[in-house]
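Novice: Our numbering applies: residue 73 is where the sequence shown begins, and numbers increase by one.
Hints are computed from structural coordinates only; laboratory data are not their basis. Among the clues, some could well be false.
[Unchecked claim] In silico BS3-like links for lysine-lysine, alpha-carbon gap of 27 Å or less:
no., residue 1, residue 2
1, Lys-91, Lys-109
2, Lys-127, Lys-111
3, Lys-139, Lys-127
4, Lys-96, Lys-111
5, Lys-111, Lys-91
6, Lys-127, Lys-109
7, Lys-111, Lys-90
[What the hints assert, rightly or not] Each pair of labels, with its calculated beta carbon distance range:
no., residue 1, residue 2, range
8, Ala-116, Met-73, 14 to 20 Å
9, Thr-134, Val-86, 54 to 60 Å
10, Glu-136, Asp-106, 41 to 47 Å
11, Leu-129, Ala-94, 39 to 45 Å
12, Glu-135, Glu-84, 55 to 61 Å
13, Ala-116, Lys-96, 50 to 56 Å
14, Gly-97, Arg-121, 22 to 28 Å
15, Pro-82, Glu-135, 53 to 59 Å
Beta carbons: idealized from backbone N, C-alpha and C, even for Gly.
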Amino acid sequence: MATLTIRNVPDEVVARLKKVAANKGHSMEQELRDLLKTKYPARAEVLDRVRESWKTLPEVSTEEVDKWIAGTWEHPV
73 MATLTIRNVP
83 DEVVARLKKV
93 AANKGHSMEQ
103 ELRDLLKTKY
113 PARAEVLDRV
123 RESWKTLPEV
133 STEEVDKWIA
143 GTWEHPV
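Assemble the whole structure, with the sequences as input and the hints as a guide.
Specialist: Take a look at the structure:
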């Protein structure tokens with residue numbers, strides 16, 4: 073595992089990080105690791121989220137897609 077050094081972090085940012093970490097019961101380092109994992113997820117995690125979101129979409133037939141592309145699709149009322 074790599075080690076990162078971040079210089080010139082404003083004091084108020086460090087104070088906020090410490091406060092958030094303390095409220096969650098963990099270290100500032102852990103809070104930063106969690107933030108980085110959330111901000112930069114692995115490709116597989118992103119794909120899993122996309123696949124899960126697709127499950128909530130209605131089924132659409134190829135005929136409906138063709139009509140939509142042709143501009144003849146009418147939204148059901």
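Novice: Are the Cα positions of Lys-111 and Lys-90 separated by 27 Å at most?
Specialist: 19 Å, holds
Novice: Take the C-beta atom of Gly-97 and the C-beta atom of Arg-121, compute their distance, and say whether it sits inside 22 to 28 Å.
Specialist: 27 Å, holds
Novice: Given the proposed pairing of Lys-139 with Lys-127, does the C-alpha separation stay at or below 27 Å?
Specialist: 23 Å, holds
Novice: Looking only at beta-carbon atoms, does the pair Pro-82, Glu-135 fall within the given range of 53 to 59 Å?
Specialist: 58 Å, holds
Novice: Given the hinted pair Lys-127 and Lys-109, is their Cα-Cα distance within 27 Å?
Specialist: With a Cα-Cα distance of about 25 Å, the restraint between Lys-127 and Lys-109 holds, given a limit of 27 Å.
Novice: Does Lys-91 sit within 27 Å of Lys-111, going by the straight-line distance between their CA atoms?
Specialist: OK: Lys-111 and Lys-91 at ~20 Å, within 27 Å.
Novice: Using the Cβ atoms, figure out if Glu-135 sits within 55 to 61 Å of Glu-84.
Specialist: Since the Cβ atoms of Glu-135 and Glu-84 sit about 58 Å apart, the hinted range of 55 to 61 Å holds.
Novice: Is 41 to 47 Å a correct range for the gap between the Cβ atoms of Glu-136 and Asp-106?
Specialist: 42 Å, holds
Novice: Hint check: Lys-96 vs Lys-111, CA-CA at most 27 Å. Holds or violated?
Specialist: 18 Å, holds
Novice: Does the beta carbon distance between Ala-116 and Lys-96 stay inside 50 to 56 Å, or does it fall outside?
Specialist: Cβ of Ala-116 to Cβ of Lys-96: about 26 Å, so the range 50 to 56 Å is violated.
Novice: Given the hint that Lys-127 pairs with Lys-111, does the C-alpha gap stay at or below 27 Å?
Specialist: Answer holds: Lys-127 to Lys-111 is near 24 Å, not above 27 Å.
Novice: Given the proposed pairing of Lys-91 with Lys-109, does the C-alpha separation stay at or below 27 Å?
Specialist: Holds. Lys-91 to Lys-109 sits at ~19 Å (cutoff 27 Å).
In summary, the structure is inconsistent with hint 13 from the numbered list given earlier, while agreeing with all the others.
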